[in-house]
Amino acid sequence: DGGITQSPKYLFRKEGQNVTLSCEQNLNHDAMYWYRQDPGQGLRLIYYSQIVNDFQKGDIAEGYSVSREKKESFPLTVTSAQKNPTAFYLCASSIQGALFEKLFFGSGTQLSVL
Amino acid sequence: GDSVTQMEGPVTLSEEACLTINCTYTATGYPSLFWYVQYPGEGLQLLLKATKADDKGSNKGFEATYRKETTSFHLEKGSVQVSDSAVYFCALSEGTSGSRLTFGEGTQLTVNP
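Taken in sequence, the protein lines are chains Y and X.
Take 184 as the starting number for the first sequence in my numbering and just add one per residue.
Take 17 as the starting number for the second sequence in my numbering and just add one per residue.
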């Protein structure tokens, strides 16, 4: 079955540590996205990529970094510069260029600070 | 900029009750409108969508009508089930790909037997 896989499901970060969240899709989608979900605030876009080797900042990119070396993979690094990293992180993908195409979401990673 | 406002939650209903979750939006153009549902511990799934004024999206007994005159896209269901307990997100997109979404805050729905 095609889909999006996020790992790990739970992740803990120590002070000053960088951590990387994995996102892999086998849907052959061109576009991939990272959202941050905080209680009562909906989803906010961190970064998105419409094609391999290219990505753009979303609304809250500070303290995060991404790479898109392969079509299937879009890892997100939460750096030590992100002072409030505790949140639920969702990865999504879509067919780029298709009108009104929906997003397919992974099951998320809960990041907490130790 | 674009924005989406949902009714505040949480919403608690008894099984077979009627559901309405209000959603209004602000957009400069003619957006597409979506409702996504998030079950506990999972990502979001598209529930329904409408791409132009007066369109009605429907799925799994849920409906929402794109009302341009009131800039609204309220989610309705005539008889809810315990399995409908989830968080519901209203969203809009003005991009041609429909992929750059602006989400509302989400509304937690709990249905009791």
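Keep in mind that the hints are not guaranteed to be accurate.
[To be verified] If the Cβ cut is set under 8 Å, some of the chain Y residues that face chain X in the computed set are:
| id | residue |
| --- | --- |
| 1 | K285 |
| 2 | L286 |
| 3 | G291 |
In short, the hints are calculated from the structure, not lab data.
The beta-carbon is built from N, C-alpha and C at its ideal position, and this holds for glycine as well.
Which hint numbers does the structure go against, in order from smallest to largest? Of the numbered hints, all hold.
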